[in-house]
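Can you build the whole structure from these sequences, using the hints too?
Under the working numbering, the residue at position 183 of the sequence shown is numbered 194, and the numbers go up by one with no gaps.
Hints in this document: simulated from the structure, not taken from any laboratory.
Ideal placement from N, C-alpha and C gives every residue a C-beta, glycine not left out.
When the alpha-carbon atoms are kept at most 16 Å apart in a straight line, the in silico EDC-like pairs for lysine to aspartate or glutamate are as follows:
{"id": "1", "residue 1": "Lys-78", "residue 2": "Glu-92"}
{"id": "2", "residue 1": "Lys-89", "residue 2": "Glu-248"}
{"id": "3", "residue 1": "Lys-66", "residue 2": "Glu-79"}
{"id": "4", "residue 1": "Lys-89", "residue 2": "Asp-241"}
{"id": "5", "residue 1": "Lys-99", "residue 2": "Glu-28"}
{"id": "6", "residue 1": "Lys-66", "residue 2": "Asp-41"}
{"id": "7", "residue 1": "Lys-291", "residue 2": "Asp-274"}
{"id": "8", "residue 1": "Lys-89", "residue 2": "Glu-79"}
{"id": "9", "residue 1": "Lys-14", "residue 2": "Asp-53"}
{"id": "10", "residue 1": "Lys-291", "residue 2": "Glu-270"}
{"id": "11", "residue 1": "Lys-16", "residue 2": "Asp-53"}
{"id": "12", "residue 1": "Lys-14", "residue 2": "Glu-79"}
{"id": "13", "residue 1": "Lys-201", "residue 2": "Glu-248"}
{"id": "14", "residue 1": "Lys-256", "residue 2": "Glu-240"}
{"id": "15", "residue 1": "Lys-17", "residue 2": "Glu-88"}
{"id": "16", "residue 1": "Lys-99", "residue 2": "Glu-88"}
{"id": "17", "residue 1": "Lys-264", "residue 2": "Glu-240"}
{"id": "18", "residue 1": "Lys-304", "residue 2": "Asp-102"}
{"id": "19", "residue 1": "Lys-284", "residue 2": "Asp-274"}
Between beta-carbon pairs, the in silico distance windows are:
{"id": "20", "residue 1": "Val-96", "residue 2": "Leu-321", "range": "40 to 46 Å"}
{"id": "21", "residue 1": "Arg-308", "residue 2": "Ser-339", "range": "45 to 51 Å"}
{"id": "22", "residue 1": "Leu-32", "residue 2": "Val-332", "range": "46 to 52 Å"}
{"id": "23", "residue 1": "Ile-330", "residue 2": "Glu-49", "range": "51 to 57 Å"}
{"id": "24", "residue 1": "Leu-32", "residue 2": "Arg-214", "range": "39 to 45 Å"}
{"id": "25", "residue 1": "Ser-339", "residue 2": "Glu-313", "range": "35 to 41 Å"}
{"id": "26", "residue 1": "Met-324", "residue 2": "Glu-49", "range": "46 to 52 Å"}
{"id": "27", "residue 1": "Arg-308", "residue 2": "Tyr-123", "range": "17 to 23 Å"}
{"id": "28", "residue 1": "Tyr-123", "residue 2": "Glu-65", "range": "37 to 43 Å"}
{"id": "29", "residue 1": "Arg-122", "residue 2": "Asp-274", "range": "34 to 40 Å"}
{"id": "30", "residue 1": "Tyr-123", "residue 2": "Met-345", "range": "35 to 41 Å"}
{"id": "31", "residue 1": "Val-192", "residue 2": "Ser-339", "range": "24 to 30 Å"}
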Amino acid sequence: MAKLKKLDLEQTAYFCEQLALMVNTGMQMDDGLEILSEDIDDQNIRALCIYLAEKIEMGDTLAVAVKESGVFPEYVEKMIEIGCVTGKLDDVLKGLSEYYENRADMQRSIRYAVFHPAMLLLMMTVVVIVLVVKIIPMFSDIFAQFDSDIGSTVTDAVGLAYVVGEGVLIALAVIILLLIVVLFVPPVKKALTGFLSVFPLTRRISRCFSQAKLTDAMSLMITSGLDPEDAIEYTIELVTDKKLKAQLQDCLKRVQGGEYFSDAVCNAGILPKMYSRSLKIAYTSGSFDEVWKKISRRTDEEAERTLANLVSMVEPAMIVVLAIMIGSVLLTIMLPLMNIMSALG
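This is the structure we're talking about:
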């Protein structure tokens with residue numbers, strides 16, 4: 012059998028949803044996987060279904076089969092194992108499907124947010140290339156027709172325009188290269204994520220996305236019957252924001268020291284005070300899992316709003332930068348030309 016490929020976020024969400032349907036209907040897992048393999052077009056998912064069905068037929072549990080397949084995120088492996096132990100596999104699989112669907116939606120939002128600035132950046136590069144390759148040589152030919160008395164001024168203007176244009180072009184090429192490296196080199200992407208979590212201009216949005224990821228995970232784990240201490244330990248591994256990770260570690264120490272979970276979350280500063288108060292009330296009223304779901308939904312919405320606000324500021328800023336870059340190249344030629352025309356007049 013061909014080597015299985017890692018599942019992306021959307022595939023993970025879809026597969027967990029299908030597994031949840033099988034568990035909910037009481038279908039034998041191996042039979043359900045075989046039926047799914049016959050109806051699906053995705054070759055990787057089909058191969059995965061066949062692999063899991065064979066493992067389960069041989070006597071392995073779903074948790075073991077999923078882990079040995081090596082295509083699922085580690086978080087999925089752990090949660091399915093927890094679901095098998097606690098008897099809440101149906102709830103766990105549904106929660107995992109929602110969790111990864113949310114992560115996929117958030118990833119699409121980020122891609123959309125990056126797409127427009129990237130297109131503007133590409134447009135800036137094309138415009139500057141046209142200026143350097145076509146426009147400046149055209150002006151050079153025009154200036155060459157003037158008298159030799161103004162030849163030195165013309166030569167200086169054209170030379171300065173070339174220098175400015177090439178400098179802008181090099182800067183844009185470096186930015187595009189860095190963008191490509193960040194998108195396609197995982198270690199660099201991970202390092203950038205850590206940098207964005209502390210950089211003043213991006214710190215807020217990084218925390219919003221990390222909090223959304225945290226609350227989604229906590230909601231799933233609390234619903235799955237996991238005790239708060241274990242839930243925090245698993246969540247620490249998922250969070251990339253350095254400050255939030257440190258606060259989670261502080262929260263874990265407080266819980267291990269005997270502090271109530273809701274108080275530990277509040278005192279560690281993991282969530283805004285409004286959410287922390289809701290958790291305190293939920294802890295005494297017995298609606299802990301429901302409140303986590305509401306908090307998860309609100310933090311997801313807040314992250315999306317923050318991203319939209321950032322995009323609304325970035326695009327106008329890039330247009331201004333585009334105008335300045337192109338204008339700086341043109342002015343180096345137009346100002347001497349205006350002086351020459353004034354002198355001729």
